[in-house]
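Engineer: In our numbering, the protein residues as written are 1 to 223.
In short, the hints are calculated from the structure, not lab data. Treat the hints loosely; a few may be bogus.
[What the hints assert, rightly or not] The calculated lysine-lysine pairs, modelled on BS3-like cross-linking and capped at a C-alpha distance of 30 Å, are: (1) Lys171 x Lys181; (2) Lys171 x Lys161; (3) Lys106 x Lys89.
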Amino acid sequence: MKRTFVVVGLGTFGIHTAHALHLGGADVLAIDTDEQVVAQAGPMVTRAVCADATNEEVMTTIGAFDADCAVVAIRKRFDTTVLVTHMFKRAGMKQIVVQVDSDSEKSAIEAVGATQSVFVERDMAERASSRLLLPDLADQIALGANVAVIEMPVTLELAGKSLMEIDLRRKFGVTVIALKKPGEGGPEVIDISPAADAPLTIGTILVTLGESENLTRFRDKFR
C-alpha cells in the first residue's frame, strides 16, 4: 500500500518535498493559501488544494488528517506553524515533520508535537562545509554537524593489506562499514560484512564512518 503524505506550505522546500515524495510513489496532498502556487503544484502531486490549514473543519473535509505523515513547511509564519503542528498532533498524526529556522524554533515545535524538525539552511551549510573540507573524497553523506559516511578508494599504500592490519579504528577513529568492489561485467558488489583478514585491492572503495576531523586525517594520510 502506498504511503500518504500531506504537505502544508508550498514554498521552495515544501513544493520540492511534495514533488519528490510523489515521484517516489507516494500519494501526496499539497496545501497552500496561494491559488497560483497551488495551480503550479497540481501536476507535481496527487492532489493540490487551496485551503487555510489552521481551519480544522476544512482540513478534516479535504482529508489532511488521513495521511500517514504531515510535512509542515510554512516557515516564515511560525505562529501558524505551531497551530498547524499542534492540530496534527491532536488529530493523532504519528509522524510530523516541520521546517524551522532556528534552534529555538526547533525546541518549541518539538514541544507541541513535531516528531522531526528540518533546519534547511543549517543542514545545507553543514553538507557544503563537509564537502569543502573533504573535497577529493568520492562521496559523502552528512549525518550531523560532525559525522559523515564517506567513500574513499583503496590507494597503493593500502592495497595488499587487510582491514585488521591497517586498523583504522585505533589509528584514526574511523570505521569501515562496507566495501564496494567492481562487479565482473555487471554492477558493483557491496560487501556489508567485509572480512577483517582479506587483503584490499585497487578498485575497491572503503565506505567509512567517522567524525569529519578523523576522516580528514585518514584522507590526508592515504590520498
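Engineer: Evaluate each hint against the coordinates.
Structural biologist: Consistency of the hints with the structure:
1. Annotation: proposed proximity of Lys171 to Lys181 holds, straight-line Cα distance about 24 Å (limit 30 Å).
2. The straight-line distance between the Cα atoms of Lys171 and Lys161 is roughly 15 Å, inside the 30 Å bound, and the hint therefore holds.
3. Restraint check for Lys106 and Lys89: satisfied, since their Cα atoms lie roughly 16 Å apart, inside the 30 Å limit.
Going through the hint list in order, the structure satisfies each hint without exception.
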